[in-house]
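In my numbering, the protein residues as written are -18 to 460.
Because the hints were derived from the structure by calculation, they are not lab data. The beta-carbon is built from N, C-alpha and C at its ideal position, and this holds for glycine as well. Just to be clear, a hint being listed does not mean it is correct.
To be verified - Mimicking EDC-like on lysine to aspartate or glutamate, the simulated pairs with C-alpha atoms at most 16 Å apart in a straight line are:
id, residue 1, residue 2
1, K329, E69
2, K112, E307
3, K160, E427
4, K308, D155
5, K18, E427
6, K91, E233
7, K156, D343
8, K160, E233
To be verified - Here are the in silico distance ranges between beta carbons for each label pair:
id, residue 1, residue 2, range
9, T21, K236, 58 to 66 Å
10, E246, Y50, 44 to 52 Å
11, L440, I9, 26 to 34 Å
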Amino acid sequence: MSEKTEKTKMDPNVKRWLTFSISVIAAIIIWFIPVPKGFTVQAWHLFAIFVGTAFGFMLRPFPSGVVTYIELTATLMLKILQVAQAFEGFSSDTIWLIVSAFLFSRGLIKTRLGERIAYALLQRFGSSSLKLGYSLSVGDLIISAFVPSNTARSGGIMYPIVRSIAHVAGSEPDKNPRKLGAYLIQSTVQNDNIASGFTMTAAAGNLLIVTFASKIANVHLNWAMWLLAACLPAIVSFIAQPWVLYKIYPPEMKKTPEAQKAAGEQLKEMGPMSRNEKLLSLIFGITIIGWATTSITGLSATIIALFGLSLMTLTGILNWQDIITEKGAWDVMFWMGGMYSLADNLSKMNFFKTFANGVGHDIKGLSWPLALAILIFLFIATTYGFASGISHLLAMYPVFLTVAIGVGVPPFLAAFSLGICTVLYQTLTHYASGPAAVYFGGGYVEQGTWWRLGLEMLLMNLVIWGVVGFTWWKVLGLW
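Throw the hints in and build the complete structure from the sequences for me.
Next up, the structure:
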(Lines of atoms letter the chains of each structure in order from A and count residues from 1; the text may use other names and numbers.)
(Lines give C-alpha, C1' and ligand atoms only; values in the text may rest on other atoms or scores of the structure.)
Protein backbone atom coordinates (compact mmCIF):
# COMPACT_ATOMS: atom_id res chain seq x y z
CA MET A 1 0.00 0.00 0.00
CA SER A 2 2.77 2.39 0.93
CA GLU A 3 4.69 1.53 -2.27
CA LYS A 4 1.63 2.35 -4.37
CA THR A 5 1.23 5.67 -2.57
CA GLU A 6 4.90 6.43 -3.14
CA LYS A 7 4.58 5.73 -6.87
CA THR A 8 1.47 7.88 -7.34
CA LYS A 9 2.85 10.81 -5.36
CA MET A 10 3.80 13.68 -7.67
CA ASP A 11 7.46 14.62 -7.81
CA PRO A 12 7.93 17.91 -5.88
CA ASN A 13 9.81 19.54 -8.77
CA VAL A 14 7.09 18.60 -11.25
CA LYS A 15 4.42 19.93 -8.89
CA ARG A 16 6.39 23.15 -8.35
CA TRP A 17 6.70 23.89 -12.07
CA LEU A 18 3.11 22.84 -12.77
CA THR A 19 1.69 25.23 -10.19
CA PHE A 20 4.06 27.98 -11.33
CA SER A 21 2.88 27.44 -14.91
CA ILE A 22 -0.73 27.87 -13.79
CA SER A 23 0.19 31.23 -12.24
CA VAL A 24 1.93 32.37 -15.43
CA ILE A 25 -0.94 31.18 -17.65
CA ALA A 26 -3.46 33.07 -15.50
CA ALA A 27 -1.45 36.27 -15.98
CA ILE A 28 -1.12 35.69 -19.74
CA ILE A 29 -4.87 35.13 -20.15
CA ILE A 30 -5.69 38.42 -18.40
CA TRP A 31 -2.93 40.20 -20.35
CA PHE A 32 -4.40 39.30 -23.76
CA ILE A 33 -8.05 39.95 -22.90
CA PRO A 34 -9.10 43.14 -24.72
CA VAL A 35 -8.74 46.05 -22.32
CA PRO A 36 -12.21 46.91 -20.94
CA LYS A 37 -13.54 50.41 -21.43
CA GLY A 38 -12.24 52.90 -18.88
CA PHE A 39 -9.02 51.04 -18.04
CA THR A 40 -5.63 52.01 -19.42
CA VAL A 41 -3.44 49.40 -21.10
CA GLN A 42 -0.77 49.92 -18.43
CA ALA A 43 -3.24 49.38 -15.58
CA TRP A 44 -4.73 46.28 -17.22
CA HIS A 45 -1.31 44.72 -17.81
CA LEU A 46 -0.30 45.46 -14.22
CA PHE A 47 -3.53 43.81 -13.13
CA ALA A 48 -2.53 40.74 -15.15
CA ILE A 49 0.75 40.59 -13.22
CA PHE A 50 -1.20 40.96 -10.01
CA VAL A 51 -3.51 38.05 -10.91
CA GLY A 52 -0.47 35.88 -11.61
CA THR A 53 1.03 36.92 -8.27
CA ALA A 54 -2.23 36.12 -6.44
CA PHE A 55 -2.22 32.66 -8.01
CA GLY A 56 1.41 32.29 -6.95
CA PHE A 57 0.49 33.16 -3.37
CA MET A 58 -2.40 30.69 -3.43
CA LEU A 59 -0.61 27.77 -5.12
CA ARG A 60 2.82 28.48 -3.58
CA PRO A 61 5.13 26.96 -6.20
CA PHE A 62 7.85 28.93 -4.39
CA PRO A 63 8.00 30.85 -1.11
CA SER A 64 6.10 34.15 -1.12
CA GLY A 65 9.34 36.11 -1.26
CA VAL A 66 10.40 34.34 -4.46
CA VAL A 67 6.98 34.91 -6.03
CA THR A 68 7.28 38.59 -5.15
CA TYR A 69 10.79 38.81 -6.61
CA ILE A 70 9.57 37.29 -9.90
CA GLU A 71 6.55 39.60 -9.94
CA LEU A 72 8.64 42.74 -9.45
CA THR A 73 11.13 41.63 -12.09
CA ALA A 74 8.28 41.03 -14.56
CA THR A 75 6.88 44.54 -14.07
CA LEU A 76 10.32 45.97 -14.85
CA MET A 77 11.19 43.68 -17.77
CA LEU A 78 7.81 44.36 -19.41
CA LYS A 79 8.24 48.10 -18.78
CA ILE A 80 5.00 48.40 -16.85
CA LEU A 81 6.69 50.10 -13.90
CA GLN A 82 9.88 52.03 -13.35
CA VAL A 83 12.32 50.84 -10.69
CA ALA A 84 11.22 53.53 -8.22
CA GLN A 85 7.57 52.56 -8.71
CA ALA A 86 8.20 48.82 -8.38
CA PHE A 87 10.04 49.21 -5.10
CA GLU A 88 8.05 52.03 -3.50
CA GLY A 89 6.29 49.56 -1.22
CA PHE A 90 9.50 48.98 0.69
CA SER A 91 9.44 52.57 1.91
CA SER A 92 5.90 52.24 3.25
CA ASP A 93 5.58 53.12 6.92
CA THR A 94 3.24 50.12 7.36
CA ILE A 95 5.98 47.76 6.19
CA TRP A 96 8.52 49.22 8.61
CA LEU A 97 6.01 49.11 11.46
CA ILE A 98 5.66 45.38 10.82
CA VAL A 99 9.44 44.93 10.76
CA SER A 100 9.69 46.80 14.06
CA ALA A 101 7.00 44.54 15.54
CA PHE A 102 9.08 41.45 14.76
CA LEU A 103 12.13 43.03 16.39
CA PHE A 104 10.08 43.95 19.47
CA SER A 105 9.20 40.28 19.65
CA ARG A 106 12.90 39.38 19.55
CA GLY A 107 13.48 41.72 22.50
CA LEU A 108 10.74 40.05 24.54
CA ILE A 109 12.18 36.62 23.83
CA LYS A 110 15.82 37.57 24.42
CA THR A 111 15.21 39.28 27.77
CA ARG A 112 12.72 36.56 28.78
CA LEU A 113 10.18 39.27 29.62
CA GLY A 114 7.84 37.55 27.19
CA GLU A 115 8.29 34.30 29.08
CA ARG A 116 7.55 36.03 32.37
CA ILE A 117 4.31 37.49 30.99
CA ALA A 118 3.44 34.15 29.42
CA TYR A 119 4.03 32.27 32.66
CA ALA A 120 1.91 34.80 34.56
CA LEU A 121 -0.96 34.37 32.10
CA LEU A 122 -0.58 30.60 32.18
CA GLN A 123 -0.61 30.62 35.97
CA ARG A 124 -3.79 32.71 36.06
CA PHE A 125 -5.72 31.44 33.03
CA GLY A 126 -3.88 28.31 31.99
CA SER A 127 -6.50 25.79 33.04
CA SER A 128 -7.70 25.63 29.42
CA SER A 129 -6.63 26.87 26.01
CA LEU A 130 -10.09 28.39 25.52
CA LYS A 131 -9.66 30.58 28.62
CA LEU A 132 -6.27 31.65 27.31
CA GLY A 133 -7.89 32.62 24.00
CA TYR A 134 -10.43 34.82 25.76
CA SER A 135 -7.92 36.39 28.16
CA LEU A 136 -5.58 37.39 25.34
CA SER A 137 -8.50 38.87 23.40
CA VAL A 138 -9.66 40.89 26.41
CA GLY A 139 -6.12 42.20 26.87
CA ASP A 140 -6.05 43.30 23.24
CA LEU A 141 -9.46 44.96 23.61
CA ILE A 142 -8.32 46.96 26.65
CA ILE A 143 -5.16 48.13 24.91
CA SER A 144 -7.11 49.02 21.74
CA ALA A 145 -8.88 51.84 23.57
CA PHE A 146 -5.71 53.96 23.61
CA VAL A 147 -3.39 52.49 20.94
CA PRO A 148 -4.79 53.69 17.58
CA SER A 149 -2.79 51.26 15.45
CA ASN A 150 -3.82 47.64 15.25
CA THR A 151 -0.50 46.77 13.61
CA ALA A 152 1.45 48.32 16.48
CA ARG A 153 -0.88 46.79 19.05
CA SER A 154 -0.91 43.32 17.55
CA GLY A 155 2.66 43.12 16.36
CA GLY A 156 4.42 45.05 19.08
CA ILE A 157 2.42 43.90 22.10
CA MET A 158 0.11 40.94 21.57
CA TYR A 159 1.97 38.74 19.10
CA PRO A 160 5.16 38.53 21.20
CA ILE A 161 3.07 37.43 24.20
CA VAL A 162 1.18 34.82 22.16
CA ARG A 163 4.46 33.58 20.76
CA SER A 164 5.96 33.29 24.22
CA ILE A 165 2.97 31.38 25.60
CA ALA A 166 3.15 28.93 22.71
CA HIS A 167 6.89 28.51 23.27
CA VAL A 168 6.39 27.81 26.97
CA ALA A 169 3.73 25.22 26.12
CA GLY A 170 6.11 23.43 23.75
CA SER A 171 4.26 24.55 20.62
CA GLU A 172 6.63 25.80 17.91
CA PRO A 173 6.01 26.62 14.22
CA ASP A 174 8.02 23.58 13.11
CA LYS A 175 7.10 21.31 16.01
CA ASN A 176 3.60 20.81 17.44
CA PRO A 177 2.08 24.03 15.99
CA ARG A 178 -1.45 22.71 16.56
CA LYS A 179 -0.72 21.88 20.20
CA LEU A 180 -1.55 25.46 21.23
CA GLY A 181 0.20 28.10 19.13
CA ALA A 182 -1.93 27.88 15.98
CA TYR A 183 -5.18 28.22 17.93
CA LEU A 184 -3.94 31.18 19.99
CA ILE A 185 -2.64 32.88 16.83
CA GLN A 186 -6.03 32.58 15.12
CA SER A 187 -8.11 33.38 18.19
CA THR A 188 -6.11 36.52 18.98
CA VAL A 189 -5.79 37.89 15.46
CA GLN A 190 -9.45 37.25 14.59
CA ASN A 191 -10.66 39.01 17.72
CA ASP A 192 -8.24 41.85 17.03
CA ASN A 193 -10.49 42.66 14.07
CA ILE A 194 -13.40 43.11 16.46
CA ALA A 195 -11.30 45.11 18.93
CA SER A 196 -10.28 47.36 16.02
CA GLY A 197 -13.92 48.16 15.28
CA PHE A 198 -15.07 48.52 18.89
CA THR A 199 -14.09 52.17 19.28
CA MET A 200 -13.32 55.00 16.89
CA THR A 201 -9.72 55.20 18.09
CA ALA A 202 -8.92 51.47 17.99
CA ALA A 203 -7.50 51.60 14.46
CA ALA A 204 -6.01 54.38 12.35
CA GLY A 205 -8.40 53.61 9.50
CA ASN A 206 -11.42 54.37 11.67
CA LEU A 207 -10.45 58.03 11.78
CA LEU A 208 -10.34 58.09 7.97
CA ILE A 209 -13.82 56.56 7.90
CA VAL A 210 -15.09 59.36 10.16
CA THR A 211 -13.66 61.93 7.74
CA PHE A 212 -15.07 60.31 4.60
CA ALA A 213 -18.47 59.69 6.22
CA SER A 214 -18.73 63.38 7.07
CA LYS A 215 -17.63 64.64 3.65
CA ILE A 216 -19.46 62.12 1.43
CA ALA A 217 -22.52 60.97 3.40
CA ASN A 218 -22.97 63.95 5.76
CA VAL A 219 -22.82 61.47 8.65
CA HIS A 220 -21.03 62.93 11.65
CA LEU A 221 -19.60 60.15 13.81
CA ASN A 222 -18.03 60.82 17.19
CA TRP A 223 -16.36 58.54 19.74
CA ALA A 224 -19.52 57.93 21.79
CA MET A 225 -21.75 57.28 18.76
CA TRP A 226 -19.24 54.81 17.31
CA LEU A 227 -18.99 52.94 20.61
CA LEU A 228 -22.77 52.84 21.03
CA ALA A 229 -23.32 51.57 17.49
CA ALA A 230 -20.55 48.97 17.61
CA CYS A 231 -20.83 47.65 21.16
CA LEU A 232 -23.65 45.09 20.84
CA PRO A 233 -22.62 43.32 17.58
CA ALA A 234 -18.96 43.58 18.62
CA ILE A 235 -19.61 41.85 21.96
CA VAL A 236 -21.49 39.04 20.20
CA SER A 237 -18.62 38.55 17.73
CA PHE A 238 -16.05 38.84 20.49
CA ILE A 239 -17.69 36.08 22.51
CA ALA A 240 -18.39 33.85 19.52
CA GLN A 241 -15.03 33.79 17.74
CA PRO A 242 -12.72 32.03 20.25
CA TRP A 243 -15.39 29.40 20.91
CA VAL A 244 -16.14 28.78 17.21
CA LEU A 245 -12.42 28.53 16.42
CA TYR A 246 -12.05 26.15 19.36
CA LYS A 247 -14.60 23.90 17.62
CA ILE A 248 -13.46 24.15 13.99
CA TYR A 249 -9.71 24.56 14.59
CA PRO A 250 -9.18 22.97 18.01
CA PRO A 251 -5.84 22.98 19.83
CA GLU A 252 -4.42 19.62 20.77
CA MET A 253 -3.86 20.93 24.31
CA LYS A 254 -7.29 21.64 25.83
CA LYS A 255 -7.29 21.11 29.59
CA THR A 256 -3.99 22.18 31.07
CA PRO A 257 -4.20 22.35 34.88
CA GLU A 258 -0.63 21.10 35.07
CA ALA A 259 0.43 24.12 33.05
CA GLN A 260 -0.68 26.44 35.85
CA LYS A 261 1.45 24.63 38.42
CA ALA A 262 4.45 24.47 36.10
CA ALA A 263 4.09 28.17 35.30
CA GLY A 264 4.16 29.07 38.99
CA GLU A 265 7.30 27.01 39.49
CA GLN A 266 8.96 28.65 36.49
CA LEU A 267 8.17 32.13 37.80
CA LYS A 268 9.82 31.24 41.10
CA GLU A 269 12.83 29.87 39.26
CA MET A 270 13.17 33.04 37.15
CA GLY A 271 13.30 35.17 40.28
CA PRO A 272 12.99 38.95 40.21
CA MET A 273 13.01 40.92 36.96
CA SER A 274 16.44 41.46 35.41
CA ARG A 275 17.87 44.84 34.41
CA ASN A 276 17.01 44.28 30.75
CA GLU A 277 13.48 43.17 31.59
CA LYS A 278 12.93 46.37 33.56
CA LEU A 279 14.44 48.48 30.77
CA LEU A 280 12.31 46.75 28.15
CA SER A 281 9.19 47.26 30.27
CA LEU A 282 10.04 50.96 30.46
CA ILE A 283 10.64 51.14 26.71
CA PHE A 284 7.35 49.37 26.06
CA GLY A 285 5.60 51.86 28.34
CA ILE A 286 7.15 54.80 26.49
CA THR A 287 6.22 53.25 23.15
CA ILE A 288 2.60 52.60 24.17
CA ILE A 289 2.26 56.18 25.46
CA GLY A 290 3.72 57.36 22.15
CA TRP A 291 1.21 55.31 20.18
CA ALA A 292 -1.64 56.57 22.35
CA THR A 293 -0.70 60.23 21.76
CA THR A 294 0.06 60.27 18.02
CA SER A 295 -2.74 62.79 17.42
CA ILE A 296 -1.05 65.15 19.90
CA THR A 297 2.60 64.69 18.94
CA GLY A 298 2.03 64.32 15.21
CA LEU A 299 4.41 61.34 15.18
CA SER A 300 3.20 58.24 13.35
CA ALA A 301 3.04 54.80 14.96
CA THR A 302 5.98 53.75 12.78
CA ILE A 303 8.19 56.58 14.02
CA ILE A 304 7.32 55.72 17.61
CA ALA A 305 8.12 52.05 16.97
CA LEU A 306 11.48 52.90 15.40
CA PHE A 307 12.24 55.14 18.37
CA GLY A 308 11.46 52.28 20.75
CA LEU A 309 13.68 50.00 18.68
CA SER A 310 16.47 52.57 18.84
CA LEU A 311 16.19 52.63 22.63
CA MET A 312 16.43 48.84 22.68
CA THR A 313 19.70 48.94 20.73
CA LEU A 314 21.15 51.87 22.71
CA THR A 315 20.51 50.08 26.00
CA GLY A 316 21.99 46.82 24.75
CA ILE A 317 18.75 44.85 24.82
CA LEU A 318 19.26 44.09 21.13
CA ASN A 319 22.45 44.17 19.11
CA TRP A 320 22.93 44.38 15.35
CA GLN A 321 23.28 40.61 15.05
CA ASP A 322 19.89 40.17 16.70
CA ILE A 323 18.37 42.51 14.15
CA ILE A 324 19.85 41.03 10.97
CA THR A 325 19.17 37.44 12.03
CA GLU A 326 15.45 38.03 12.63
CA LYS A 327 14.56 36.33 9.34
CA GLY A 328 10.80 36.57 9.77
CA ALA A 329 10.95 40.37 9.75
CA TRP A 330 12.87 40.61 6.50
CA ASP A 331 10.86 37.86 4.81
CA VAL A 332 7.58 39.66 5.54
CA MET A 333 9.09 42.99 4.49
CA PHE A 334 10.06 41.58 1.10
CA TRP A 335 6.84 39.85 0.05
CA MET A 336 4.47 42.37 1.59
CA GLY A 337 6.49 45.31 0.26
CA GLY A 338 6.15 43.88 -3.24
CA MET A 339 2.41 43.38 -2.88
CA TYR A 340 2.07 46.90 -1.50
CA SER A 341 3.87 48.26 -4.59
CA LEU A 342 1.50 46.43 -6.94
CA ALA A 343 -1.65 47.54 -5.12
CA ASP A 344 -0.50 51.13 -4.71
CA ASN A 345 0.39 51.48 -8.38
CA LEU A 346 -2.94 49.95 -9.45
CA SER A 347 -4.66 52.49 -7.23
CA LYS A 348 -2.66 55.38 -8.72
CA MET A 349 -3.66 54.18 -12.20
CA ASN A 350 -7.33 54.47 -11.09
CA PHE A 351 -7.87 50.75 -11.70
CA PHE A 352 -10.01 50.23 -8.59
CA LYS A 353 -11.91 53.49 -9.03
CA THR A 354 -12.82 52.57 -12.61
CA PHE A 355 -13.90 49.13 -11.44
CA ALA A 356 -16.16 50.56 -8.71
CA ASN A 357 -17.70 53.13 -11.06
CA GLY A 358 -18.57 50.35 -13.49
CA VAL A 359 -20.25 48.42 -10.71
CA GLY A 360 -22.27 51.47 -9.69
CA HIS A 361 -23.58 51.83 -13.23
CA ASP A 362 -24.58 48.16 -13.35
CA ILE A 363 -26.60 48.13 -10.12
CA LYS A 364 -28.68 51.25 -10.70
CA GLY A 365 -32.36 50.44 -10.39
CA LEU A 366 -31.94 47.75 -7.74
CA SER A 367 -33.56 48.06 -4.30
CA TRP A 368 -31.13 49.59 -1.82
CA PRO A 369 -30.86 46.51 0.46
CA LEU A 370 -29.87 44.34 -2.51
CA ALA A 371 -27.56 47.05 -3.82
CA LEU A 372 -25.87 47.36 -0.41
CA ALA A 373 -25.41 43.58 -0.20
CA ILE A 374 -23.77 43.56 -3.65
CA LEU A 375 -21.57 46.53 -2.76
CA ILE A 376 -20.42 44.92 0.51
CA PHE A 377 -19.59 41.70 -1.33
CA LEU A 378 -17.57 43.55 -3.99
CA PHE A 379 -15.97 45.87 -1.44
CA ILE A 380 -14.71 42.88 0.53
CA ALA A 381 -13.70 40.96 -2.61
CA THR A 382 -11.42 43.80 -3.70
CA THR A 383 -9.35 43.39 -0.54
CA TYR A 384 -7.67 40.41 -2.23
CA GLY A 385 -5.94 43.03 -4.35
CA PHE A 386 -4.43 44.99 -1.48
CA ALA A 387 -1.52 44.32 0.84
CA SER A 388 -2.62 47.03 3.26
CA GLY A 389 -5.95 47.70 4.92
CA ILE A 390 -5.27 51.44 4.87
CA SER A 391 -4.48 51.33 1.14
CA HIS A 392 -7.73 49.51 0.45
CA LEU A 393 -9.69 51.92 2.61
CA LEU A 394 -8.19 55.00 0.94
CA ALA A 395 -8.71 53.66 -2.57
CA MET A 396 -12.07 51.94 -2.27
CA TYR A 397 -14.11 53.24 0.68
CA PRO A 398 -14.86 56.72 -0.75
CA VAL A 399 -15.84 55.23 -4.11
CA PHE A 400 -18.10 52.50 -2.72
CA LEU A 401 -19.65 54.91 -0.21
CA THR A 402 -20.42 57.33 -3.04
CA VAL A 403 -22.04 54.53 -5.07
CA ALA A 404 -24.04 53.35 -2.02
CA ILE A 405 -25.43 56.83 -1.32
CA GLY A 406 -26.21 57.24 -5.02
CA VAL A 407 -28.40 54.11 -5.14
CA GLY A 408 -30.42 55.14 -2.07
CA VAL A 409 -28.78 53.35 0.87
CA PRO A 410 -29.50 55.25 4.15
CA PRO A 411 -26.39 57.39 4.81
CA PHE A 412 -25.48 56.03 8.26
CA LEU A 413 -26.02 52.45 7.16
CA ALA A 414 -23.84 52.96 4.09
CA ALA A 415 -21.05 54.73 5.96
CA PHE A 416 -20.90 52.50 9.05
CA SER A 417 -21.50 49.10 7.45
CA LEU A 418 -18.79 49.65 4.82
CA GLY A 419 -16.58 51.11 7.54
CA ILE A 420 -16.94 48.07 9.80
CA CYS A 421 -16.10 45.84 6.84
CA THR A 422 -12.66 47.45 6.75
CA VAL A 423 -11.82 45.76 10.06
CA LEU A 424 -13.80 42.54 9.60
CA TYR A 425 -11.88 41.54 6.47
CA GLN A 426 -8.40 42.20 7.84
CA THR A 427 -7.57 38.52 8.26
CA LEU A 428 -9.22 37.34 5.05
CA THR A 429 -5.75 36.79 3.60
CA HIS A 430 -2.31 36.71 5.17
CA TYR A 431 -1.46 40.02 3.48
CA ALA A 432 -4.74 41.90 3.98
CA SER A 433 -3.41 43.91 6.94
CA GLY A 434 -0.40 44.52 9.14
CA PRO A 435 -1.64 42.27 11.98
CA ALA A 436 -2.36 39.43 9.54
CA ALA A 437 1.15 39.63 8.12
CA VAL A 438 2.72 39.65 11.59
CA TYR A 439 0.76 36.68 12.93
CA PHE A 440 1.07 34.70 9.69
CA GLY A 441 4.79 35.42 9.65
CA GLY A 442 5.07 33.45 12.89
CA GLY A 443 4.69 30.30 10.80
CA TYR A 444 2.08 28.51 12.93
CA VAL A 445 -0.75 28.49 10.38
CA GLU A 446 -0.38 27.35 6.78
CA GLN A 447 -1.50 29.77 4.08
CA GLY A 448 -4.40 27.66 2.80
CA THR A 449 -5.70 27.16 6.33
CA TRP A 450 -5.33 30.88 7.03
CA TRP A 451 -7.42 31.81 3.99
CA ARG A 452 -10.09 29.21 4.85
CA LEU A 453 -10.41 30.30 8.48
CA GLY A 454 -10.32 33.96 7.45
CA LEU A 455 -13.24 33.44 5.09
CA GLU A 456 -15.23 31.38 7.60
CA MET A 457 -14.79 33.94 10.37
CA LEU A 458 -15.63 36.78 7.98
CA LEU A 459 -18.87 35.10 6.89
CA MET A 460 -19.83 34.47 10.52
CA ASN A 461 -19.18 38.10 11.44
CA LEU A 462 -21.09 39.40 8.43
CA VAL A 463 -24.12 37.44 9.65
CA ILE A 464 -23.69 38.74 13.21
CA TRP A 465 -23.26 42.36 12.17
CA GLY A 466 -25.92 42.07 9.47
CA VAL A 467 -28.55 40.72 11.89
CA VAL A 468 -27.56 42.07 15.31
CA GLY A 469 -25.90 45.23 14.02
CA PHE A 470 -28.58 46.38 11.57
CA THR A 471 -31.33 45.63 14.13
CA TRP A 472 -29.46 47.46 16.90
CA TRP A 473 -28.87 50.49 14.69
CA LYS A 474 -32.58 50.57 13.81
CA VAL A 475 -33.48 50.47 17.51
CA LEU A 476 -31.09 53.37 18.11
CA GLY A 477 -32.76 55.32 15.31
CA LEU A 478 -29.57 55.62 13.30
CA TRP A 479 -31.33 54.70 10.05
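Consistency of the hints with the structure:
no., hint, verdict
1, K329 / E69, "12 Å, holds"
2, K112 / E307, "31 Å, violated"
3, K160 / E427, "14 Å, holds"
4, K308 / D155, "15 Å, holds"
5, K18 / E427, "39 Å, violated"
6, K91 / E233, "27 Å, violated"
7, K156 / D343, "51 Å, violated"
8, K160 / E233, "4 Å, holds"
9, T21 / K236: 58 to 66 Å, "59 Å, holds"
10, E246 / Y50: 44 to 52 Å, "47 Å, holds"
11, L440 / I9: 26 to 34 Å, "32 Å, holds"
Violation of the numbered hints given earlier is confined to hints 2, 5, 6, 7; the remaining hints are satisfied by the structure.
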